[in-house]
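Trainee: For reference, the chains in residue letters:
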Amino acid sequence: MNDTIHVDQLSKTYQVAEREGGFKAAVGGFFRRKYRDVHAVQQVSFNIQPGEVVGFLGPNGAGKTTTLKMLSGLVYPTSGKAQVMGFNPWERRTDFLQNMTLVMGQRSRLSWDIPASDSYLLNQAIYRIPDADFKQTLKELDDLLDLSPIMRKPVRNLSLGERMKVELAAGLLHRPKVLFLDEPTIGLDITAQVRIRTFIQEYNRRTGATVLLTSHYMADVTALCERIIIIHLGRLKYDGSLNELSRRIAPFKLVGVALGSPCPCDLSSYGTPVPSKEDGGKQYVQVAASEVAAITARMLSDLPIHDLTIEDPPIESVIERAFLE
Amino acid sequence: MIKIYQRLWQVNWAEQWQYRANLLMYSLYGLVSPVVYLAVWTTIANSQGSVSGLTANDFITYYLTLLIVDQLTSDITIHILANKIQDGTLAGDLLRPAHPVLTSTLVYNIAFKALSFIVLIPVWIILVLLFQPNFGMVTPGSLLLSIPTLLFGFAINFLFGATLTSLAFWTTRVYSVSEFFGALVVLFSGQFVPLQLMPPAIQTVAQYLPFQLFKFVPIEIILNKLSPETIARDFVAYLVWFVILFLIFRWTWREGIKRFSAVGA
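If you read the sequences in order, they're chains A and B. Remember, my numbering sits 130 above the position in the first sequence when you count from 1. Remember, my numbering sits 3 above the position in the second sequence when you count from 1.
Any given hint could turn out to be false.
Said to hold, decoys possible - Think about it this way: if two alpha-carbon atoms lie no more than 30 Å apart in a straight line, the pair counts; the simulated BS3-like pairs of lysine-lysine are: (1) Lys367(A) <-> Lys261(B); (2) Lys87(B) <-> Lys164(A); (3) Lys367(A) <-> Lys307(A); (4) Lys261(B) <-> Lys307(A); (5) Lys87(B) <-> Lys116(B); (6) Lys269(A) <-> Lys283(A); (7) Lys228(B) <-> Lys116(B); (8) Lys283(A) <-> Lys265(A); (9) Lys265(A) <-> Lys307(A); (10) Lys367(A) <-> Lys211(A); (11) Lys307(A) <-> Lys269(A); (12) Lys269(A) <-> Lys6(B); (13) Lys211(A) <-> Lys307(A); (14) Lys87(B) <-> Lys307(A); (15) Lys283(A) <-> Lys116(B); (16) Lys261(B) <-> Lys211(A); (17) Lys87(B) <-> Lys261(B); (18) Lys6(B) <-> Lys87(B); (19) Lys6(B) <-> Lys283(A); (20) Lys283(A) <-> Lys307(A); (21) Lys307(A) <-> Lys6(B); (22) Lys116(B) <-> Lys6(B); (23) Lys283(A) <-> Lys87(B); (24) Lys261(B) <-> Lys164(A); (25) Lys154(A) <-> Lys164(A); (26) Lys87(B) <-> Lys211(A); (27) Lys6(B) <-> Lys265(A).
Since the hints were derived computationally from the structure, they do not count as laboratory data. Being a predicted model, the structure only gives us computed values, none of them experimental.
Construct the entire structure; sequences and hints are all you get.
Mentor: This is how it looks when you write it as structure tokens:
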């Protein structure tokens, strides 16, 4: 078994205390608490090969973060097995912690009151990074993320995008072989998102690290991941390539036409109109993939067409359908 | 390993320095009750000649030594860690290959002590000038003997505090539990009055608890009041309690982490 990550029937059930609102319920709850089981992750299994970059997708509350926390040894599973680089994560062995990282976009691991560079020095000691390696890695990270101007300011004074950069660098100084990235681009503007994305790509290329990342931004997923794993309500829904998912779930194309005269023509005889997508004067119809050639030929001969495009349906809608399946 | 502590020290010192005003208030607050007791008992002893054989000078030297011993052996783990367990920020520490309690929490504690001394020393000097104590009974030997008791006193208090804090993995009301034990400490450690003024029953119970090892025992050793036999017995007690509390802490922490759900995010 040479998978970097091996997950077998992994499940986590949380017990959550709950009560109704109001005084009576509050008093009652003091004496007899009611608990409800929340099945955050249910019998999820998958394997990830060394060097793969895998997108881990699902709506809020799907169990993505819980799974990442189990794989990084923060949370004990209720049942099932997992191995990361041959280690059982929740034994939290030094060799395991030394070689992986979990970066959470919404949570800071750095101390707020001091500059990131001080925290980096601390990490150097904790991860036992030799001086020469430390300097070189920091220089590389600086090249990729442009840290110099920001790593000497106290973390609390950084903008969200800047903080994410120093945070990522903190998680990567020890050159982990496995990266768990939970929403690494959340809340960032487009430029910053692109930077972080390029960085992850570059890090993976340079070091051959294995990456499992969650994101709500489809651009992250399409740019980085050839393979995606979708979970919904704690269960695995799909595991395979992004292209295959589009073919399976959405075997159709979007045909967009810009017409010469501004006529609000009825295109419904060619395919299902997609009014939500109209832009720049273009109108779109959804057409079965197998009929695209025939239908576009018919449109070109019937209509006064200026411009015609054939597009894949947006990945958001494909994935949304996968959740619903 | 030494490098970890060195870097942690730099980080913690820098961090806590930012909150020095806070720290000043907190430290001054901690000085209030020993100073009040010092004033009260000296007045009583002065008016009666002595209280249960303790003279005014005995009280003055006891409380002045207490101020320092208390600072050296005190533990603030619950204030450092309980929140982190409850709001899930402990996750960041748990990801690193170093025990969060035995590295960063420990150093935080020590950095806090070092900073508190900046407040304590001037106050202490003023009190010495005011009360004019006679520290004639203190010898280099008694000071030397007190060093291991101060180190182990802190170690035991720290492990005790860390164990209580670990209860935060189970309950969100860990501060109430800590308050309860805080009351026991007050009663059995000699913090408010020298233990020999306590009823015999309490003195007996105190023998079997670790709390007097935080305060009363180091003070009495510094002030050269214990017989060699008592000192020998106390040294054994330090070792035994150290081992017991270390094992209890290790078990509680391990079991606690299994329950940690890194809430939020």
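Trainee: Now look at each hint and say whether the structure bears it out.
Mentor: A quick look at each hint next to the structure:
Between Lys367(A) and Lys261(B) the CA atoms are separated by roughly 28 Å; this keeps the pair inside 30 Å, and the hint holds. Note on Lys87(B) and Lys164(A): the hinted pairing holds, with a Cα-Cα distance of about 26 Å set against a maximum of 30 Å. In summary, the hint linking Lys367(A) to Lys307(A) is supported, as the alpha carbons are separated by about 27 Å, within the 30 Å threshold. For the proposed pair Lys261(B) and Lys307(A), the alpha carbon gap of about 25 Å is at most 30 Å, so the pair holds.
A hinted pair counts as satisfied when its Cα atoms are at most 30 Å apart, and Lys87(B) with Lys116(B) qualifies at roughly 21 Å. For the hint linking Lys269(A) to Lys283(A), the alpha-carbon distance of about 18 Å falls within 30 Å, and the restraint holds. Taking the CA atoms of Lys228(B) and Lys116(B), the gap is near 26 Å; set against the 30 Å cutoff, the hint holds. A distance of roughly 19 Å separates the Cα atoms of Lys283(A) and Lys265(A); the hinted pair therefore holds under the 30 Å criterion.
Of the pairs offered as hints, the one joining Lys265(A) and Lys307(A) holds, with about 19 Å between alpha carbons and a cut-off of 30 Å not exceeded. Distance restraint check for Lys367(A) and Lys211(A): the Cα-Cα separation of roughly 19 Å lies within the 30 Å cut-off, and the hinted pair is therefore satisfied. As the CA atoms of Lys307(A) and Lys269(A) are separated by approximately 19 Å, the hinted pair is consistent with the 30 Å bound. A hinted pair counts as satisfied when its Cα atoms are at most 30 Å apart, and Lys269(A) with Lys6(B) qualifies at roughly 22 Å.
A distance of roughly 20 Å separates the Cα atoms of Lys211(A) and Lys307(A); the hinted pair therefore holds under the 30 Å criterion. In summary, the hint linking Lys87(B) to Lys307(A) is supported, as the alpha carbons are separated by about 27 Å, within the 30 Å threshold. The suggested pairing of Lys283(A) with Lys116(B) holds, with an alpha-carbon distance near 27 Å, which does not exceed 30 Å. A threshold of 30 Å between alpha carbons decides the hint, and for Lys261(B) with Lys211(A) the separation of about 15 Å falls inside it, so the pair holds.
In summary, the hint linking Lys87(B) to Lys261(B) is supported, as the alpha carbons are separated by about 16 Å, within the 30 Å threshold. Restraint check for Lys6(B) and Lys87(B): the C-alpha separation of about 24 Å stays at or below 30 Å, so the hint holds. Taken as a hint, the Lys6(B) and Lys283(A) pair is honoured in the structure, with Cα atoms around 24 Å apart against an allowance of 30 Å. Between Lys283(A) and Lys307(A) the alpha-carbon distance is near 29 Å, which keeps this suggested pair within the 30 Å criterion.
Note on Lys307(A) and Lys6(B): the hinted pairing holds, with a Cα-Cα distance of about 24 Å set against a maximum of 30 Å. In summary, the hint linking Lys116(B) to Lys6(B) is supported, as the alpha carbons are separated by about 20 Å, within the 30 Å threshold. A distance of roughly 24 Å separates the Cα atoms of Lys283(A) and Lys87(B); the hinted pair therefore holds under the 30 Å criterion. Restraint check for Lys261(B) and Lys164(A): the C-alpha separation of about 22 Å stays at or below 30 Å, so the hint holds.
Proximity of Lys154(A) to Lys164(A) is assessed by CA-CA distance (about 14 Å); at most 30 Å being required, the pair is judged to hold. Of the supplied pair hints, the one linking Lys87(B) and Lys211(A) holds, its CA atoms being roughly 28 Å apart against a limit of 30 Å. Under the criterion of a C-alpha separation no larger than 30 Å, the hint pairing Lys6(B) with Lys265(A) is consistent with the structure, at around 17 Å.
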